[in-house]
Structures are given as C-alpha cells and as structure tokens.
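Enquirer: Throw the hints in and build the complete structure from the sequences for me.
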Amino acid sequence: MKFNLSNLNPGTTFDIGDGARLTIRLCNGAALDEIYSATTNKREVWKRGVRSVDVEVDEARRSELIWDYSIMDWDGIEDEHGKAIPCNAENKATLMRESLVFARLVNGLLDRLIEQTDAAAQALEKN
1 MKFNLSNLNP
11 GTTFDIGDGA
21 RLTIRLCNGA
31 ALDEIYSATT
41 NKREVWKRGV
51 RSVDVEVDEA
61 RRSELIWDYS
71 IMDWDGIEDE
81 HGKAIPCNAE
91 NKATLMRESL
101 VFARLVNGLL
111 DRLIEQTDAA
121 AQALEKN
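Residue numbers (full-length UniProt numbering): 1 to 127.
Please keep in mind that the hints were generated in silico from the structure rather than gathered at the bench. Small disclaimer: the values here were computed from a predicted structure and weren't measured. Here a beta-carbon is modelled for each residue, glycine too, at the ideal position from N, C-alpha and C.
The following label-pair restraints were derived from C-beta to C-beta distances:
1) Val45 x Gly11: 36 to 46 angstroms
2) Ala20 x Thr40: 33 to 43 angstroms
3) Ala103 x Tyr36: 18 to 28 angstroms
Quick list of in silico lysine to aspartate or glutamate cross-link-like pairs, EDC-like style, CA-CA up to 16 angstroms:
4) Lys2 x Glu125
5) Lys42 x Asp54
6) Lys42 x Glu56
Expert: Next up, the structure:
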C-alpha cells in the first residue's frame, strides 16, 4: 500500500445536491492532540497541603476547532439570497452550531468516512 507523505489525511469531496459539494476529513491523532492541547488548561491547586490538578476544558472552542479541521471546503453553499457563503472558521461554526440540517449532513458524511476507513483497514488485514 502506498501513502502520500505530503498529505496523509486528504479530504473527501461529497456531492450534497443542487450542485453543492462539501470536502471533509476525519480528525487524525495529531490534529486531535493539537486541538485538545489548545483547549485544555491544567492548573496545580493546593488545598490543605494536598496537591491536585484542576482541568478546565473549553468545549465550545474545542468543537469549533474540530469543525474547522474537519470541514475543509465547500462549494455551492449559499445564504437565503443565493449569495455564496465563504468557507471560513466563523461560518463553519455558525452553520454547525445553529443549523440542524447542516450539522446532521456533516455528521452523516463523517460517519460515512469512518465506515470507508474501517472497510479499507479491514481489506488490508485480509491481504
């Protein structure tokens, strides 16, 4: 099996109807490590001579970073006036947070990618 070392986690483009396309990818371990590190704050706390670590997680920011990583590009996504919506971090977060239809679509496509990845891994194991 061959791997493209310059692009180990390429996106997959899906046609989503009405001429629109969505390019997404799964979060790999390196991306998740980076996102978790950026959204987790560990703080050492001493109470009555006992040391503990408080962990604060910015869940909202974590979700936004995962969405920004996973949704690589789109084409044909428009507002109610037919104007193209730019594919940027802010619009990705707004659509994922506030549009149940868009969030369901993206999550369904990510599920399909997981299934495809699992099938490819199983095929390799058989060989």
